[in-house]
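Hey, can you work out the whole structure from these sequences and the hints?
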Amino acid sequence: MSWVLISLIGSILSALVSIFDKTITYRFGQSSKVLPLLVGILQTSVGLSLLIVLSIFNNEIFIFSDNEFIKAMLFASLSGVLFGTSGNIMLRILHGNEVSRTVPITQTYPLFTVLIAYFFLDEIIATSQWISIFSIILGAAVISTNTSNNTNNRFTYHSALPLLLSSFIQSIAYAFAKLALGSLPVILTHALRELFLGLVFISINLRKQTFIFVKELWNTKSPAIKLVGINELVTANISLLLIVWALSLGPVSLVSSIASTRVLFVVILGLIVGKYSNKSLGEELHRRTIATKVIGALLIVIGIFGITVS
Numbered sequence: 001m002s003w004v005l006i007s008l009i010g011s012i013l014s015a016l017v018s019i020f021d022k023t024i025t026y027r028f029g030q031s032s033k034v035l036p037l038l039v040g041i042l043q044t045s046v047g048l049s050l051l052i053v054l055s056i057f058n059n060e061i062f063i064f065s066d067n068e069f070i071k072a073m074l075f076a077s078l079s080g081v082l083f084g085t086s087g088n089i090m091l092r093i094l095h096g097n098e099v100s101r102t103v104p105i106t107q108t109y110p111l112f113t114v115l116i117a118y119f120f121l122d123e124i125i126a127t128s129q130w131i132s133i134f135s136i137i138l139g140a141a142v143i144s145t146n147t148s149n150n151t152n153n154r155f156t157y158h159s160a161l162p163l164l165l166s167s168f169i170q171s172i173a174y175a176f177a178k179l180a181l182g183s184l185p186v187i188l189t190h191a192l193r194e195l196f197l198g199l200v201f202i203s204i205n206l207r208k209q210t211f212i213f214v215k216e217l218w219n220t221k222s223p224a225i226k227l228v229g230i231n232e233l234v235t236a237n238i239s240l241l242l243i244v245w246a247l248s249l250g251p252v253s254l255v256s257s258i259a260s261t262r263v264l265f266v267v268i269l270g271l272i273v274g275k276y277s278n279k280s281l282g283e284e285l286h287r288r289t290i291a292t293k294v295i296g297a298l299l300i301v302i303g304i305f306g307i308t309v310s
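Sequence positions in the sequence shown follow my numbering and run 1 to 310.
Honestly, the hints are just simulated from the structure, not real lab data. All residues carry an ideal CB built from backbone N, CA and C; glycine is no exception. Errors might be hidden in some of the hints.
As the list claims (entries may be wrong) - Computed Cβ-Cβ distance ranges for the label pairs, DEER-style:
| id | residue 1 | residue 2 | range |
| --- | --- | --- | --- |
| 1 | 291 | 222 | 31 to 39 Å |
| 2 | 185 | 220 | 35 to 43 Å |
| 3 | 63 | 286 | 56 to 64 Å |
| 4 | 138 | 5 | 27 to 35 Å |
| 5 | 216 | 182 | 18 to 26 Å |
| 6 | 203 | 165 | 15 to 23 Å |
| 7 | 158 | 55 | 42 to 50 Å |
| 8 | 275 | 226 | 19 to 27 Å |
And the structure:
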């Protein structure tokens with residue numbers, strides 16, 4: 001299967017993950033730490049389970065006497081730590097803001113890949129790439145603009161800055177994952193990323209009150225537990241595995257760029273779900289706001305593809 005198609009499917013699934021994340025935080029998340037803690041518990045469990053299964057049924061892949069293998073395991077673990085850090089920032093902002101504004105800004109990471117190459121690797125950036133960079137920045141600025149009179153909508157440029165940091169961290173996480181895949185099989189890379197991603201979420205969000213609330217959700221058999229379970233154990237896991245698979249087959253810059261088309265899918269799905277069931281997302285649906293989101297998302301996607309094609 002083509003890595004282009006694999007990364008595109010992963011992008012669509014990751015957009016669904018974001019929609020469900022917002023549904024859970026909007027309907028059940030009394031604290032911004034509840035969903036991240038649940039994510040951490042589930043993803044850590046997945047990572048550990050995969051490692052145990054691999055060690056039992058396919059233990060020949062663990063070559064601890066090989067320095068390259070050890071180095072690759074470190075890269076995969078660092079990728080998970082960085083991806084977890086990036087995701088935690090995004091979920092923290094998502095808790096009080098619209099998904100169709102929050103997620104697009106976190107998908108601007110191809111911009112940082114190009115800038116890192118320019119400033120630290122002495123790569124030359126063509127005029128078309130500078131135009132693409134401007135398009136991404138402009139798109140992020142447009143989405144960050146609050147065109148609504150709703151005082152409950154707290155999304156501002158102050159919200160955008162942490163999301164840009166999240167995006168930057170995510171770009172480095174992709175690079176480490178690609179380095180790991182040079183010596184590790186896809187499934188082991190995925191398992192290590194899941195384990196350390198989950199541990200980061202737990203370490204940041206594990207508080208007594210949060211744990212008590214999560215325990216209460218479990219004891220009362222809250223629908224939130226089922227939603228998070230399906231979202232994290234199935235949709236998110238398949239999405240993350242597909243992206244790792246695509247990274248093993250194609251160049252990191254192009255795979256990450258295609259994965260970042262999640263921007264459009266999130267905006268489209270957010271507006272569709274918001275129109276028919278806005279109690280699930282709390283999206284602003286005024287014409288002016290919709291136009292702002294769509295224009296901003298298109299500018300980001302155009303910029304991303306401009307950088308990729310160049």
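Margin query: Just to be sure I understand the hint, the distance between the Cβ atoms of residue 185 and residue 220 should be within 35 to 43 Å; is that true here?
Written below: Because 41 Å falls inside the window, the suggested range holds.
Item checked: Pairwise beta carbon distance, residue 63 to residue 286, judged against the given window 56 to 64 Å -> 58 Å Cβ-Cβ, so the 56 to 64 Å window holds.
Item checked: residue 216 paired with residue 182, Cβ distance criterion 18 to 26 Å -> violated, 45 Å
Checklist line | Distance restraint evaluation - residue 275, residue 226, Cβ atoms, bounds 19 to 27 Å | finding: holds, 24 Å
Check: For the pair residue 203 and residue 165, does the Cβ-Cβ distance stay inside 15 to 23 Å?
Finding: holds, 18 Å
Notebook entry, point to check: Holds or violated: 31 to 39 Å for the Cβ distance of residue 291 and residue 222?
Noted result: holds, 37 Å
Notebook entry, point to check: Taking the beta carbons of residue 158 and residue 55, is their distance inside 42 to 50 Å?
Noted result: For residue 158 and residue 55 the Cβ distance comes to about 46 Å; the hint holds.
Next item on the list: Starting from the hint 27 to 35 Å, judge whether the C-beta atoms of residue 138 and residue 5 obey it.
Entry: Since the Cβ atoms of residue 138 and residue 5 sit about 30 Å apart, the hinted range of 27 to 35 Å holds.
In the structure shown, a violation is registered for the earlier hint numbered 5 alone.
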